[in-house]
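Top to bottom, those sequences are chains X, U, F and H. Quick note: the first sequence uses the working numbering, first residue 2, plus one each step. Quick note: the second sequence uses the working numbering, first residue 2, plus one each step. Quick note: the third sequence uses the working numbering, first residue 5, plus one each step. Quick note: the fourth sequence uses the working numbering, first residue 39, plus one each step.
Hints are supplied without guarantee of correctness; some may be wrong.
Stated by the list, open to error - Keeping only pairs whose Cα atoms sit at most 25 Å apart, straight-line, the calculated PhoX-like set for lysine-lysine is: (1) K164/H - K360/U; (2) K26/U - K167/F; (3) K360/U - K77/H; (4) K347/U - K360/U; (5) K347/U - K98/U; (6) K239/F - K26/U.
To be verified - Cβ-Cβ distance ranges computed for the label pairs, FRET-style: (7) F35/U - I17/X: 48 to 56 Å; (8) F53/U - I17/X: 51 to 59 Å; (9) C353/U - R79/H: 19 to 27 Å; (10) S10/X - T263/U: 28 to 36 Å; (11) C353/U - S309/H: 46 to 54 Å; (12) T495/U - L11/F: 49 to 57 Å; (13) F12/F - F29/X: 46 to 54 Å; (14) P160/H - A466/U: 27 to 35 Å; (15) S10/X - F53/U: 23 to 31 Å; (16) F53/U - S63/X: 50 to 58 Å.
Bear in mind the hints are in silico, worked out from the structure with no lab data behind them. Think of the CB as a built atom: it goes at the ideal place given N, C-alpha and C, for glycine as much as any other residue.
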Amino acid sequence: MMVTMGYTSALIIFCIGLYTIMTRRNLFKTVIGLALMEAAVLLIIVTSGFIPGGTPPIAPFSGNPVNPLPHAFTLTAIVIGASDIALALAFIIKLHRHYKTVDLDRIRGLRG
Amino acid sequence: MTLVLAIVVPLLAAFLIPLFHLARKTLSVSLIGFMGLASISAALAAAFTGWFSPAVYLLGGWAPDLGIVLVADHLSSAFLLLASIGTAAALACSLEKFRGGPWRYYTIFFLLIASMNGILLTGDLFNLFVFYEIFSVAAYLLVAFSMSWQALEAGLKYLVLGTIGALFILLGTALTFMATGILNMALLAETLPSIPGETLTAISACLLLGLAVKTGAFPVHFWLPDAHSSAQTAVSALLSGVLVKVSIYAIMRVSYLFFLGTGGNVFLAITIIGSISVLGGHLMALRQDDIKRLLAYSTVAQIGYILIGVGCASAAGAAAAVFHAFNHMLMKMGLFITAGTLAEDKKTREICGLKGLWKSHPLWVSSFTVLSAAIVGIPPMNGFMSKWFIILSSAGAGTVIPALVIAAGTVISAAYYLRVLSAFISPEDERSESASAAPPRRIRRKGISLALVTSFALLCLVLGATAFSPISREFFSSIGDTAVDVGAYVELVTGR
Amino acid sequence: MNTRPFLFRLAAMVLCVSLGLLLYQGIAAIDQPAHVTGAAEHYLANTPEETGARNVVAAILFDYRAFDTLGESTVIFTAVCGISMLFSRRKFHRSSRGLSFIARRGIGLIVPFILMYASAIVLAGHLSPGGGFQGGTIFATVTVLLCVVYGSSFESVHFPPWKKDLMESAGALLFSGVGILGLISGAGFLSNLSAGFPPGQSGSIFSAGAIPVLNVAVALKVGAGLSTIFYSIIKLLEEGGEHPGRGH
Amino acid sequence: MSLSNMFTGMNMPFGAAAFFLFLSTALFGEWYFGSGRDKKRFRILLAAAAASSTGILSSGNWLLFVLFLEILTLSLWSMISMKDPRAAMVYLLSQLTAAGLILVGAAGVFSDTGSLAIGPVPEPWKVFFLAGFGIKAAFPLLHFWLPEAHGKAPSPASALLSGFAVKTGILGLIRAFPEPFTPLVLIGTVMALFGAFMAVFPRDIKRVLAYSTMSHLGFMTTAIGAGATSIAAAYAFSHAIIKGTLFMSAGILEKTFGTRDISALEGIGRSHFATVAPLVTGAFFAAGLPGTASYLLKNSVISSLGEAAHWLQPFLLASAGMLASGYLLNITVPLFFKGETEKQAESGKGSGFAISAILILLLVLSTDSFFSGILEPIRSVPETLSGSGKPGSFLATVAAGIIVLLARRRITGIPQQGLPDIRIYLSMEEGPLCALNRASGCCHPGRLNIFVFVALAFLVLLMLIL
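For reference, chain X alone in the conformation it holds in the complex (with noise of 0.2 Å):
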């Protein structure tokens, strides 16, 4: 039940992120979308580390550790995830020096 609702939300989370993605015309925002997705991959990866009445996996363990390795991936991905997020934003600020705007419909200056 714990597992299933963490899924849920994860997915309604990734669902809000596309969306967000796919009708908001500021670039900020594009980039909010991008993070939401990114959140909620992660949290699908921790959650399928989920043991019922888990504890930490750090020994001596004192119980039934949950397990690690998801932890270890969402680690990697963050990071990923962070540096993607910062160049997104730092082309972002670049880019206004030239449009004057973050609107994507005036930053379409490559079409055809």
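Chain X is already provided as a structure; the job is to place chains U, F and H on it using the hints.
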């Protein structure tokens, strides 16, 4: 040992460049050249190791189910060879253009080399994702390197789409891990067929979409024409020639290992993506006025050809796809370098402005002619041969529609390459002639680029002429055989 | 009008919902195990003997799958390099003034403790939750704090970009150096105990072979890198007249 | 990769045609291309074309066949583009399409039988060969490139196109469909009549000749469909000689008087008889005068349809023959009308007696007795050439031709190009192609939202497919 060096040597080079810069404030061409040489030879050594005796490297000494493994079989070796040739050419062009100047450019370049070798060698799904991220971040930055607004916009769009693609790859990886608890690709190849159908659908769709976005196949190709046309000449050549191929390797590896045994429509989907890419890419290229954008759309179409080959799910199809990947690397790198140089000399990228070049740049134009004839698929050239092999394997796979699409694509591509060539050959307008009659500005010698382009053109001829020779057939068919032989891969990795 | 037309939003909504449902089907078909299986079982059972570390997550990050971590810190390295490349062409013109005297003194008092905390997190990464990434991030926040409180010129004088570049590259080289030591010893790239790193007394700071060293390397890389990112972006905003995002 | 000996079996007439054509066009080209640069270029291209023709005739498998076909296409394309790049483009694209279709078919054959050897095509792949060689041989609706390319090319190139390039389509059809194949009979008869009908209207001599080529190809296709492949091959030889001569004769007129418009050339036959003599002689041969090979062959084609044939098909072919004499009279008789002004040779350089004589001599190859003489020993013909046409039928044909000629001269207001053809549907300025082009312009709107939307829609589709 050689396998890990192919990744570590370029990484070390990338880490050392900032230190050299801090110490000396300038970088000499010979230093970068030496580092490049070391990286390329490390990659080639790995390729030869993998080719002559397929090898596995256990990182940290951990068994495949515990740690990460690097695997070099014929497929990875072939792509390593391709990537080495391509990166060497791009590095030479960059050195010729920038000299030792922009140290950050070279740092990112070496990181890109390391990550490409990583993608080609890794045998672990999550590790593939990590290397894909280095690869993508480096690619976004190389696209944006020129800092023009086009480059920045292209970089941003590439970044957003690429990140979404990466998130889907990560989601697919996560689902795979949830369903099986393992990430080693060889072990997954054994376990995946036994997981529930719905999960497999979700996994395959997520991985396929993510990899398709990274490759630039048609319905999700939007970043590709922007990025490839806005980047610097050498970067465009690298993007179109090598980076796309690395993504195609990932698609081949993942789809063959995971989905050959599971049944389902993955390969049908790949074939459909390929066919749409061929048509869409060619049709879009037909209406471009910007020569680099035209070449970029042509790349979309060529990706489609390769994907059709992959989608045959047969050894012949894989061999044809790899052959076409090689050919496309040669052709498109040559075309991009030529187009970039000519456009720089003429200070315009509009096709109608690129006139009278036959007189001023005869060698460039004739190389361009040979290369475009090859990419259109004029008979004695390699492009014709690889397209023929793809048509053959696609007919062998039982559907003839992709083959027809390829035939149609040939005609459309002939139309737009002819337009470019006729512009090159037609005499210059009166008005612009008087404008350029002004003392010619200092024309940089482009000896290395010219040598590269002409040698690529010659290689195209040679590859075309020798396509039916036993050496070439054996080379590519052995790649095809290993690509679809999942059992041998599993045996190689697990030692069973 | 900040969004798209209604029909487009509706279509997007339908697509999102259908994607969510399809993915949910895929996830729901997996039965969640009641206990740990596969490789994780091995890790949980054998981490102390095989790596000397107590924190299994750290052992996975820095030993079993250290190659991933190398890749991941390379991603940061790449991003930092890129961001400083994007903002490389301008220099400081002026500095923010910083905050009041009280704030300055107060921060002066707090900073050593923050640094101590960060070091503890880094150095005890193999024993307790924490590690190079977490500690490095805290190091980066220190520079951010200093920048806010003392003004950016203080930061640029005491931690000039070249120092950060040096630290970052040094961290990266340290990481790969450890890996190459393993390669030289014959046990394989990034191998730990089997390459001859001392296992030490389980539970002490100096244990678990190369894991603390790798933690330090990652902390250097992450701390310097994040600080550089902050710094590069701040530089641009200080030029004045530009406030991205204010338009909407 | 097998090369067979070219002078065997069905390739013989084609080889002979190629030999005589390349010889005569080489000579003619020396005269036709005055300037140095064009002449040099033509020599090189002619050599390439000759080499590839040898390749086509001697290739033993479909891949090599197509490979050499494309080289031939390329060299002819560059010849055409010396004069009209746009027509050359249409030609190149159509030929590439044809080659692609044949390749697809060949790949299919290979996947079925494991062999690429040239030979009868198994059932499911017939349609690709039919379409591919159909473009080469200008089947109706697939013929759009032919009048353009033949009409606008330099005359030696037109001669090669009409004499040999389209015959490769016939050769391919002979190879792929050696057995009787009813659809080909239908296509062929319609094509013969359609080509002849279209040839009545244009005033441009070369355009008339181009449609006439289409009509003759229809006769050959009918013969192949009826199973009389050796008659088709013999017809191909005869037609190659005649049409080559005619195109080169038109080239002489064009070069000498600067126009190919028949109404501008009225009356020149009176003053420059030597210049127009090859055209007139050739026209007689093409019309099928008794004693020429055409006469023999047209009758053979009709009789090869056999007793079982429906009455319609012979009727169509016969009317095509009648129209043929009409359009041939249409381009020859006005030359001897009383012109209003005496047109002077523009270039000042007459054809010269030698060139005309050579062209006329060439036609000797196409006389009845000579033709049978050289072809008989090497034919492995089950069918016999039936020379049993009634002399009356020829007179009827000529009478019909005169009626057509008179009728044609009554109709005014037909543009110089003749009736509109299907090429208007293929122009980029209007019609479906233009709409497609415009639609593809919207494919890359430059909006990030839309990109993501498409990607997501694609993903959902993928999940539904998988």
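Practice prompt. May I ask which of the numbered hints given earlier this structure violates, with the numbers listed in increasing order?
Written response: When the structure is compared with the hints, numbers 1, 13 and 15 turn out to be violated.
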